[in-house]
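Peer 1: Sequence:
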Amino acid sequence: MPVSSETIQLSTSTIDLYPNPCYSCRSFFVRNLPEDNQYTYDIFSSMSTLITSGKIEGNQIMLSTNLPAGIYFVVIHGDGFSAVRRIVVF
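To convert, note that position 19 of the sequence shown is 1 in this note's numbering; the numbers rise steadily by one, no gaps.
Some hints could be false.
As the list claims (entries may be wrong) - Computed cross-link-like contacts, EDC-like style, restricted to lysine to aspartate or glutamate with a CA-CA straight-line distance of at most 20 Å:
no., residue 1, residue 2
1, 37, -2
2, 37, 24
3, 37, 61
4, 37, 18
5, 37, 17
Derived from the structure by calculation, the hints contain no laboratory data.
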């Protein structure tokens, strides 16, 4: 069986959500999003249930209601781009 030693370049993203953790948040800011792109988001509970989706306006995710306390995963989608970040609400 052939063995290969190949170097794989992994790019780490600096995209960040804040405030995180937060207390009873209705909005989050997204830091370091590449410009010139339209972004959407999906927020999932820790049980993989879709909580809400929407469009990122500028660098802000606005929610219609406060998220209950818990751990959530925010999936940010763009043209040929996606990132997953965890947020904690208490």
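Peer 1: Sort out whether residue 17 lies within 20 Å of residue 37, counting only the CA atoms.
Peer 2: holds (15 Å)
Peer 1: Given the hinted pair residue 37 and residue 61, is their alpha-carbon gap at most 20 Å?
Peer 2: holds (13 Å)
Peer 1: Quickly compare the C-alpha distance for residue 37 and residue 18 to 20 Å and report which way the hint goes.
Peer 2: holds (14 Å)
Peer 1: Given the hint that residue 37 pairs with residue -2, does the C-alpha gap stay at or below 20 Å?
Peer 2: Status holds; Cα separation ~17 Å.
Peer 1: Within a Cα-Cα threshold of 20 Å, do residue 37 and residue 24 meet the stated pairing?
Peer 2: Measuring from Cα to Cα gives roughly 9 Å; hence the hint holds.
The structure fails none of the hints (numbered hints given earlier).
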